[in-house]
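Student: Fit chain B to the given chain A structure using the hints.
2 protein chains.
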Amino acid sequence: MSVLVVGSTALDSIKTPKAENPRLLGGSASHAAVAASFFGPVNLVGIVGDDFPKAYLDLYRKHRINLDGLQTVSGKTFHWSGEYEVNMNNRRTLATELGVIENFNPTLPASYQKSPFVLLANISPSLQHHVLDQMKKPKLIVADTMDLWLNIALPDLLRLLKRIDLFVLNDSEARQLTDESNPLVALKKIHRLGPKYVIIKKGEHGAILSSPKGMFLSPAFPLEKVMDPTGAGDSFVGGLIGYLASQPGSIDSKLPRAMVYGSVVASFCCEDFGLKATTKATRAAIEKRVKTLAKFLKF
Amino acid sequence: MSVLVVGSTALDSIKTPKAENPRLLGGSASHAAVAASFFGPVNLVGIVGDDFPKAYLDLYRKHRINLDGLQTVSGKTFHWSGEYEVNMNNRRTLATELGVIENFNPTLPASYQKSPFVLLANISPSLQHHVLDQMKKPKLIVADTMDLWLNIALPDLLRLLKRIDLFVLNDSEARQLTDESNPLVALKKIHRLGPKYVIIKKGEHGAILSSPKGMFLSPAFPLEKVMDPTGAGDSFVGGLIGYLASQPGSIDSKLPRAMVYGSVVASFCCEDFGLKATTKATRAAIEKRVKTLAKFLKF
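The listed protein sequences derive, respectively, from chains A and B.
Take the first sequence: its position 101, counted from the start at 1, is 101 in the numbering used here, and no numbers get skipped.
Numbers in the numbering used here are just positions in the second sequence, counted from 1, shifted up by 1000.
Chain A with its partners taken away, still in its complex shape (with noise of 0.2 Å):
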């Protein structure tokens, strides 16, 4: 079943000690909606500006991800700029420009709004909200966020939260939303909040998620070397509802395995900048991973 995946497409710099590597292919959607292409068919919301380069056009019709919701318009694309210290393990913001972002409010194809799976990839929650008004009857509802939107958004985000299924965010943003370091109890209160689903990324440390089958502790795929954590999020949640989206069964049943799955997309969106490791991955590569994975969870 098609995948809709709304959220950021954006040009991101990223600075390390060693390189350079200017106007990267990123924003969630972009990660997500990769990610999720692995598993089958994806809708692209997003807009781009006329700087915005063919060939990440041609990168996104590669993985046969559908681009009639893709907007282009006159202007900027959304462009960020980050630097990563010498350890790689603390990224600062340089400049974020938000371009055609800023006034985008998208009106999805006809053929967008019957997709039974909806990614709201991290973006502002109004513009989460505006898509959700347009689907018909999804069978599934996924949200991501980030602090930014806690921060200046709060009242948006606490009411998407009672129209989704399935939220997804980070430790530090679950504490944040919840004021409370413990994640099992952070759980139980954004439960409170509206999603049936939560999960908590821990970044390296994998994720967890809480539904009403039970608690799943999803594990990071072990990397040797991480090159630019950016997208990995996104990555994570964009093969997580791939996966679902393409396996029969119930939800609840196909969560966990659907979360190994994104674990591993995102491990390959570790090992290079930008989008560039992701698209080199395959479908038997990320299976040899979840394998792999297996084997390591075995006792």
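Source of the hints: derived by calculation from the structure; they are not laboratory data.
Quick reminder that beta carbons are idealized off the backbone N, C-alpha and C, glycines included.
Which residues of chain A face chain B? A partial, calculated answer using Cβ under 8 Å:
(1) L184
(2) V185
(3) H205
(4) G214
(5) F216
(6) L217
(7) P219
(8) E224
(9) P256
(10) R257
(11) F296
(12) L297
Tutor: Chain B in isolation, oriented as in the chain A frame:
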């Protein structure tokens, strides 16, 4: 089969914003011996002063820990005091009084020297060597350490690594020892220093084993309330070696499951101050958590 445990036997005074807990039973050997005792016979090597409460000796005995190698001498028991900050994440040492442990140089009882499983819990590497010198062909030697010995006794510790089978250390110690922040790379470097098996502990994020059979990612048992993590690492390694000693089969094949048992015993340790919660645990309660953890990992 029996497990010999050498390490510190101490009184710990732990302050929190809400309570003072003076002179709790503590020390690496106390935590590790109690943890191992759930699985089989334990021979404790340690030293206490004449101020050591009889109630604590009774507590060891309640756990059927052999005290033939526990010396009681005139003077003060090793005493550590520390304080937790409000969020319980940071602990600082207020005082360390070595007392009778300063000149500890035990001669092992003959009955101890044939213990097939040896745990050199955290104590000075020279004492770990001294105990090892007296052992007669042990089947498995496990050693733990702490940052202090990396700072003041590194040559002794490096010599020890060539004599042991399994080295257990936490992530910050691994970083300090190898100058490498990626745990997978650190594991490789530590193998080159001697041990066939290496485990890096990551606290609430579990532990990683590297062995000739491959890698195992051991989860931590998720807790809603962490009261006092002091001794959790010692409980982990005590539970681990206790399980290994109690089961048939090769070390390679048993190690992953032994880590899960160690994690579960450590989870009890964290739920109250000192050994209060661990000493209330039962083998049945441990088995129940192991089953729960297996469920949390199923995909």
